[in-house]
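Could you use the hints to bring the two separately framed chains together as a complex?
Going down the list, the sequences are from chains L and S.
Heads up: the first sequence begins at 0 in numbering that gives the first Met the number 0, then just goes up one per residue.
Heads up: the second sequence begins at 0 in numbering that gives the first Met the number 0, then just goes up one per residue.
Please note: incorrect hints may appear among the correct ones.
[What the hints assert, rightly or not] Using C-beta positions, here's what the derived DEER-type ranges look like:
id	chain 1	residue 1	chain 2	residue 2	range
1	S	L184	L	P23	24 to 34 angstroms
2	S	G23	L	K412	50 to 60 angstroms
3	S	R25	L	S158	52 to 62 angstroms
4	L	T39	S	G23	17 to 27 angstroms
5	S	P258	L	P23	16 to 26 angstroms
6	S	G23	L	N363	49 to 59 angstroms
7	L	K153	S	R25	52 to 62 angstroms
8	L	T254	S	G23	26 to 36 angstroms
[Unchecked claim] Now the stretches of chain L that chain S is said to cover, found in silico as 3 or more residues with beta-carbon under 8 angstroms:
id	region
9	234-247
10	293-301
[Stated by the list, open to error] Residues of chain S placed beyond 12 angstroms of chain L at every Cβ, according to the derived structure:
id	residue
11	L29
12	P77
13	D119
14	R129
15	D141
16	E197
17	T202
18	A204
19	A207
20	S234
21	V241
22	A242
Hints were generated in silico from the structure; no laboratory data involved.
For glycine and all other residues, C-beta sits at the position ideal for the given N, C-alpha and C.
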Amino acid sequence: MTTPPPDAAEAFAIEAFQNPYLAPGSDRVDAIVSVTAAGTAPAAARPLLLGFVIDNSGSMHGPRIDAVRHAVETAIRLLDDHAGFFVVTFNGSARVVVPPTRAAEDAKRRALTAVHELVANDGTAMSTGLAAARSLFARSPEAIGQCIFLTDGKNESESATEVELELRRCAGLFTCDCWGVGTSWQVGEVQEIARGLLGKASLIPEPEGIEAAFREAVAKAQAKSMKSVRFRVWTPASAEVISFKQVSPTIEEFTPRARQVNPQVREYDTGSWGPGEARDYQVALHVKPGAVGDQMLAARPSLVFTGPDGTEVEVRAPGARVLASWTADETLSSRLDSTVAHYNGQDELAAAIQQGLEAREQGNEAAATTLLGRAVQLAHESGNADMTTRLAKVVDVVDPSAGTVLLKKSVSKAATMDLELESTTTRRARRPGGDGG
Amino acid sequence: MPGPSPSSEIAVRCPLCGRPAAPGDRFCELDGTPLADDPAVEVLAIAPDLAAATHRGRAHEVDEDAHALGRRELEGRPLHVLVVCDGVSSSSHGEQAAARAAKAAVGALLRIADASDPLDRPAALRGAIRAAHRAACEPGIDAVPGKASSGTTIVAALAHAGDLDVAWVGDSRAYLVRSATAAELLTHDHSWLNEVVESGRLTAAEAARSPSAHALTRCLGPLENPDPDRAPEPSLAAVAGVAGARLVLCSDGLWNGAPGPEAIAALVAGAAATADARAIAVHLVRRGFASGGRDDVTAAVAFL
Numbered sequence: 000m001t002t003p004p005p006d007a008a009e010a011f012a013i014e015a016f017q018n019p020y021l022a023p024g025s026d027r028v029d030a031i032v033s034v035t036a037a038g039t040a041p042a043a044a045r046p047l048l049l050g051f052v053i054d055n056s057g058s059m060h061g062p063r064i065d066a067v068r069h070a071v072e073t074a075i076r077l078l079d080d081h082a083g084f085f086v087v088t089f090n091g092s093a094r095v096v097v098p099p100t101r102a103a104e105d106a107k108r109r110a111l112t113a114v115h116e117l118v119a120n121d122g123t124a125m126s127t128g129l130a131a132a133r134s135l136f137a138r139s140p141e142a143i144g145q146c147i148f149l150t151d152g153k154n155e156s157e158s159a160t161e162v163e164l165e166l167r168r169c170a171g172l173f174t175c176d177c178w179g180v181g182t183s184w185q186v187g188e189v190q191e192i193a194r195g196l197l198g199k200a201s202l203i204p205e206p207e208g209i210e211a212a213f214r215e216a217v218a219k220a221q222a223k224s225m226k227s228v229r230f231r232v233w234t235p236a237s238a239e240v241i242s243f244k245q246v247s248p249t250i251e252e253f254t255p256r257a258r259q260v261n262p263q264v265r266e267y268d269t270g271s272w273g274p275g276e277a278r279d280y281q282v283a284l285h286v287k288p289g290a291v292g293d294q295m296l297a298a299r300p301s302l303v304f305t306g307p308d309g310t311e312v313e314v315r316a317p318g319a320r321v322l323a324s325w326t327a328d329e330t331l332s333s334r335l336d337s338t339v340a341h342y343n344g345q346d347e348l349a350a351a352i353q354q355g356l357e358a359r360e361q362g363n364e365a366a367a368t369t370l371l372g373r374a375v376q377l378a379h380e381s382g383n384a385d386m387t388t389r390l391a392k393v394v395d396v397v398d399p400s401a402g403t404v405l406l407k408k409s410v411s412k413a414a415t416m417d418l419e420l421e422s423t424t425t426r427r428a429r430r431p432g433g434d435g436g
Numbered sequence: 000m001p002g003p004s005p006s007s008e009i010a011v012r013c014p015l016c017g018r019p020a021a022p023g024d025r026f027c028e029l030d031g032t033p034l035a036d037d038p039a040v041e042v043l044a045i046a047p048d049l050a051a052a053t054h055r056g057r058a059h060e061v062d063e064d065a066h067a068l069g070r071r072e073l074e075g076r077p078l079h080v081l082v083v084c085d086g087v088s089s090s091s092h093g094e095q096a097a098a099r100a101a102k103a104a105v106g107a108l109l110r111i112a113d114a115s116d117p118l119d120r121p122a123a124l125r126g127a128i129r130a131a132h133r134a135a136c137e138p139g140i141d142a143v144p145g146k147a148s149s150g151t152t153i154v155a156a157l158a159h160a161g162d163l164d165v166a167w168v169g170d171s172r173a174y175l176v177r178s179a180t181a182a183e184l185l186t187h188d189h190s191w192l193n194e195v196v197e198s199g200r201l202t203a204a205e206a207a208r209s210p211s212a213h214a215l216t217r218c219l220g221p222l223e224n225p226d227p228d229r230a231p232e233p234s235l236a237a238v239a240g241v242a243g244a245r246l247v248l249c250s251d252g253l254w255n256g257a258p259g260p261e262a263i264a265a266l267v268a269g270a271a272a273t274a275d276a277r278a279i280a281v282h283l284v285r286r287g288f289a290s291g292g293r294d295d296v297t298a299a300v301a302f303l
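The shape of chain S in the complex, shown without the other chains (with noise of 0.2 angstroms):
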C-alpha cells in the first residue's frame, strides 16, 4: 500500500505560502492546489498584515516586475509603505529598473517617515518618486540591442491612521477593497487608451481593440528621461478613512484579468477567511495568473 518510506522522502516547500508540502504530496497545504506547475514565485510577507507576492509570466525569461515594502509603528499604529513595480518589456533590462525603482522609492519613503513630524505624505511620495527615478537612472544597466532604455512603471501606497495616499508613474494600480463587493480603483493608469479616450478621440471599446492599447505614455527611468534629477510628475490620490480596508498594489499582469475593482474584491474575498496579507497576495497572484499567464503578476497586500 504505501509508497517510499518517510525517511527517504525530501520536503518540498509550497513557493507560495511558504509551507513544506505533506510527505510524498505536491499540494500546497493552504489551499490545495498543486506545486508540480508552479513557476518561480517571489514571496516578500513582512508581517501578517503585509505581504507581496509575484509570481512569473510565461512569456518571459526573466521577472519583470519587483516590489518592496516598508512597516512601522507610529504613534502605536502600523505604517504601512507598499511599492510595485513593472519594468516596461520593451526596454533593456526592465526588470532592473524595476528593482531598483522599487526599492529606493520604499528605502526614501521609510526615510522620510522617520525624520518627519508631522508627516507629510504627498511630499514624502513625490519624494519617493523622485528617488527611484534617480535610481533607475544610474549607470550600470546593459543596452541590449534593439531595445530602446531602460523604463519601469511604478505604484507607491502610503497609508497610517486611516489615512492613505497613492502615487504613480504607468499604468501599475491601487485598488482600496472594503468588503468583497465593494472597492474602488485609487489610480488611473497613465497609458495611451486613457489618452484618447479622454481626449475623445475614440471609445473605450475602440481604443481597447487598439494594439496599442496598453502603451505607456509615462515611465520612469532613462526610458523617459536619462536625468535623474529630472523625473516624470507623478499622479497623487489620497483617501481617508480607509480604516479596516484592504489595499492591493497591482501589476497589469493582475488587472489584465480582472480589469473592474468588483473583480479585485471578489479575488481577495475569494481567499479564506482566516488569510493573512500574505495568503491573499498568493491567492492574488495565483488566480492572475491562472487567467492570463503570459505576463507576470505581481499584488502588494496591507490590512488598513
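Chain L on its own, in the form it takes in the complex (with noise of 0.2 angstroms):
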C-alpha cells in the first residue's frame, strides 16, 4: 500500500452520523457520511477543461442566441489563462467552433470572433454535442474535464437511445451542469444528461439570465482541484449494501452505479471537487443481525482519487465509521439520529413535490393540494426556505405547519419546471454544535 503524503491524505474530511444502537434481531443500518474537500486545493491542482456544448437549433434563432453569444464571449473572458477551454455546437449534427485552447489572450480572441459568428438553424440531436465534447474531452485525460450545456427545446432529431448510449461512453470522462432556457425543453430529457454526467440540471426563464448562469459556471469549474473522486465503501463480508444516495446538495441515486472492487468494497463515482465543497451521502446497510452486547464495524467510507503523482490516493477520517451495537435497551435503539432523520425528511420532501406536480398535470387537484400541502409542511419544517418560495409560486400557503395549501389558479410553466427541477436540491443538515448552512 502506497503512503499518501500528509497533505493529500487530508484533503477530505469525514464524518459519519448515525445512530449505532440496534434491537436485538435488527439488521438495518443507516447513516449519514458527511464529506467535506480541504479549503485549500492540493499543491499540484488539475487543469481545468472547460467545455462550452451549446444548442444552435432553429429555436434559438433570434434574442437566444445573441444572449448566448454575449454568454460564452462572456465567460471565455473570465478564464484564467492557465486553462482550456473549447466550445462545440450542437443541431441536426455537431460542430466545433472552437477547438480546445489554452486561454491566453490571443487564442481568447480568436474564438470570440469564431462565437459572434454563431448562426441558429436546423433539428434537435443533443447526444452529437455530447459525442463531440466526448471526443475532445479524450484527449486531455489529465485535465479536470467540465462541460456546459445549454439547450432550449426538446430532443427532437433523434431518440432518446442515443442519448443514453452518449451518456455511458462520457462517464467518467466529463461532468456536465445543463441549463434550459424557456419552457420549450423537457425538463426529463435535460436532467438525465446533468444526472448522467454528475452534475444539476437548472432553468434559465428569460436568454437575460444566461450571461449570469454562465458566469458561476465558469466560477465553479475554476474552483474544481481533483477529479475522478471515488467515494469508497468497505462493508463486513457478511453486510450488503442496500442503497448509497447523495442527498446533498441534491439529492442523487447512486446505488446502480457501484462499482464492486471487491466483495467486500464498492466504489461511487462523485466527480470533481473544488476546495472547500461539502456533501452529504446516505447508506444503508444490511447486515447479519447480532446478539444483544454484539458490536460490528458496519461500513467504513473512504476517499479515493488518483493524486498528482499518479499514485491513488485514499482519505479515511478515524472517526468517520458506520457502527453497529445490539444492545436490550429500547430507549437507546428506538432513537432516531438527527441528520438522518433529517434527510429523511428531505427524500420525502422531493417525492411529495414530485407527484404533487404530477397529480396537478394529470388534473387530480385533492391529490395534488395533499402532496403538496405536505411539501409546504416539510420544507417549513427543515427550514429550507428557498423551496417553500418555490413552492409559493405553485400553490398559496395557508398554514404551512400544518401543510395547508390552496393550488393555485394560474401557474407559470417556468415557476412548475423550476420546482420540479429543484425539487431534489436539499437543505443541508445542521451540524450538531455548528450551523450546517
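In C-alpha cells form, the structure reads like this:
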C-alpha cells in the first residue's frame, strides 16, 4: 500500500452520523456520511478543460442565440490563462466552433470572433454535441473536464436511446451541468444528461439570465481541483449495501452505479471537487443481526482519488465509521439520529413535490393539494426556505406548519419546471454545534 | 481531522482471521467485529477446505482444548483428518493430555492412511484412539495437588471421497451440516446425562438439571486407565454420501451454547457465503464464545 503524502491524506474531512444502537434481531443500519474537501487546493491542482456545448438549433434563433453569444464571450473572458476551453455547437449534428485551446489572450480573441459568428438553424440532436465534447475531453485525460450544456428545446431529431448510449460513453471522462432556456424543453431529457454526468440541470427563464448562469458556472469550474473522486464503502463480508445516495446538495441515486472492487468494497464515482466543497451521502446497510452486546464495524467510508503523481490516494478519517451495536435498551435503539432524520425528511419532500406536480398535471386536484401541502409542511419544518419560496409560486400557503395549501389557479410553466428541477435540492443538515448552512 | 500519521501505526492483526487491521483501526477486516476484546485465539488453516480454531474461555487460565488436522490427496480426491480434544478440567493438566492426544491421533491416522491400500477407516480410527491414549499416558505430565490424574476427550474424523467415519471418547462432538437447515449430530456423548436417560432412571429434562449432567463417563489418558496399552473403547459412526457437506468437530464450549444440530447448521450458514473453512471455524468459535464464554471453544471444519 502506498503512503499518501500528508497533504493528500487530508484532502477531505469525513464524518459519519448515525444511531449505532440496534434492537436484538435488527439487521438494518442507516447513516449519513458528510464529506468536506479541504479549504485549500492541493499544491499540484489539475488543469481545467471547460467545454461549452451549445444548442444552435432553429428555435434558438433571435434573442436566444444573441444572448448565448454574449454569455459565452463573457465566460471566455473570465477564464484564467492556464485553463483550457472549447466550444461545440449542435443542431442536427455537431460542429467544433473553437477547438481545445489554452485561454491565453490571443486564443481568447480568436475564439470570440468564432463565437460571434454563431447562427441558429436546423433540428436538435443532443447526443451529437455530447459525442463531440467527449472526443475533445478524451484528448486531455489529465485535465478536470467540465462541460456547460445549454439547450432550449426538445431532443426531437433523434431517439432517447442515442442520448442514453452516448452518456454511457461519456461517463467518467467529464462532468456536465445543464441549462434549459425558456420553457419549451423537457425537464426529464435535460435532467438525464446532468444526472448521467454528475451535474445539475437548471432553468433559465429568459435569455438575459444566460450570462449570469455562465459566470457562476465558470467560477465553479475554475474552483475544481480534484477529478474522478470516488466514494469507497468497505463492508464486512456478511453485510450488503442496500442503497447509496447523495443527499446534499441534491438527492442523487447512486445505488445502481456501484462498482464492485472486491466482495467487500464498492466505489461510487462522485466526479470533481473544489476546495471547501461539502456533500452528504446516505448509506443503508443490511447486516447479519447480532446478539445483545455484539458490536461490529458495519461500514468504513473513505474517498479515493488519483494524486498529482499518479498514485491512488485513499482518505480515511479515524472517526468516520458506521457501527452496529446491539442492545436490549429500547431507549437507545429507538432513537433516530437527527441528521439521518433530516435527510429522510428531505427525501420525502422531493417525492411529495414530484408526485404533487404529477397529480396536478393529471388534473387530480385533491391528491395534488395533499401532496404539495405535505411538501410545504416538510420544507417549513426543515427550514428549507428556498423550497418554501418555490412552492409558494405553485400553491397559496394557508398554514405551513399544518401543510394547508390551495392550488393556484394560474401558475407559470417556468415556476412549475423550476420547482420540479429543484425538488431534489436539499437543505444541508445542521451540524450538532455548528450552523450547517 | 486525521489521527496519527500512517507511518506511526503498527499493524494489528485479527487473531482469528489473520488479516491485518486497517491502519488506526481495531476491527476484523473480514467481518467487522472489534479486536479489542478478543482473548487469545489459536487458528490452524491447512487449506481452504480444512481449518480449526480455538477461542480461550474466560474461566480458564490455560486453553484446555486442542486440535490437530491433516490432509492428503488420495486417488485425486482430498482425504481429511480432523481431531478435537478437550482436557478434563478437574484432572491434572488436562490441556497437556489433550494436546498430546490430538497430535498423536492425527499422526497415527496419516501414517495409516499413507501405508494402507485399501484404507480400512474404522480400523485406522481405532488405531488412532489407541495412539492418543498411549500419548496421554506417557510420563511427563505433573500431578496437580487436589486433582485427579490427567484426562481428555477426543473426537476424530476421517473423510475421503464422500465417505466419513468418526470415532469418539467423551463429549466432544461431530456434526454433519448438509445445508443451512439440515444437519445431524453424528456422535453420542459418553456422559452421565446420556447414561441415566438411557437407563430410564431420569428424563432428559430432569437429568439436565443435575450438576453432574455434563460429567464424563469415559475419557482418554491416565484418568481413565493409567495403562498406556489399555485404551478405552471408542464409539464409531460411519456416513456415506457426504460430498458437498460441511463437517464440524467441536468441544462442549461450542455445543453448550448451540446444542441442536439445527443450531450448528444456522451458525455455519451465518458465516459469509464466500467463507472458507477458516472463516467458518472462526465464526463458530466466536459465536460459541459470545453465547457462553466461560469454557474454551474449539471447532474444526472440513468441506467434504
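Quick rundown of the hints versus the structure:
At about 27 angstroms, the beta-carbon gap between S:L184 and L:P23 stays in the expected band of 24 to 34 angstroms. Distance hint for S:G23 and L:K412: a CB-CB separation of about 54 angstroms, consistent with the stated range 50 to 60 angstroms. For the pair S:R25 and L:S158, the supplied restraint of 52 to 62 angstroms holds, since their beta-carbon distance comes to about 55 angstroms. A hinted range of 17 to 27 angstroms for the beta carbons of L:T39 and S:G23 is consistent with their spacing of about 24 angstroms.
Against the hinted window of 16 to 26 angstroms, the Cβ-Cβ separation of S:P258 and L:P23 comes to about 20 angstroms, which satisfies the hint. For S:G23 and L:N363, the hinted distance range of 49 to 59 angstroms is satisfied, since their beta carbons lie about 55 angstroms from each other. In this structure the hint that L:K153 and S:R25 lie 52 to 62 angstroms apart at CB holds, the actual value being about 57 angstroms. Look at L:T254 against S:G23: about 29 angstroms separates their beta carbons, and that is inside 26 to 36 angstroms.
Check on the region 234-247 of chain L: 5 of its residues sit with their Cβ under 8 angstroms from a Cβ of chain S, so the three-residue criterion for coverage holds. Counting residues of the region 293-301 of chain L whose beta carbon lies closer than 8 angstroms to any beta carbon of chain S gives 6, which meets the minimum of three for the stated coverage. A beta-carbon of chain L is positioned within 12 angstroms of the beta-carbon of S:L29; the least distance is around 5 angstroms. Taking the minimum C-beta to C-beta distance to chain L, about 24 angstroms, the non-interface status of S:P77 holds against the 12 angstroms cut.
Non-interface call for S:D119 relative to chain L: holds, since the shortest CB-CB distance, roughly 41 angstroms, exceeds 12 angstroms. Every CB of chain L is more than 12 angstroms from the CB of S:R129 (nearest about 42 angstroms), matching its label as outside the interface. Even its closest Cβ contact with chain L, about 38 angstroms, leaves S:D141 beyond 12 angstroms, as expected for a residue assigned away from the interface. The beta carbon of S:E197 sits about 34 angstroms from the closest Cβ of chain L, which is more than 12 angstroms, so the claim that it is off the interface holds.
Every C-beta of chain L lies more than 12 angstroms from that of S:T202, the closest at about 30 angstroms, which supports listing it as non-interface. Every CB of chain L lies more than 12 angstroms from the CB of S:A204, the least distance being 25 angstroms, so the non-interface label holds. For S:A207, the condition that its CB be more than 12 angstroms from all CB atoms of chain L holds, with the nearest at approximately 22 angstroms. At the 12 angstroms boundary, the C-beta of S:S234 stays outside the reach of chain L, the nearest C-beta of that chain being 33 angstroms off.
Annotated as non-interface, S:V241 keeps its C-beta farther than 12 angstroms from every C-beta of chain L; the closest such distance is 26 angstroms. With a minimum CB-CB distance of about 25 angstroms to chain L, S:A242 clears the 12 angstroms threshold, and the non-interface call stands.
Consistency with the previously given hints fails for number 11 only.
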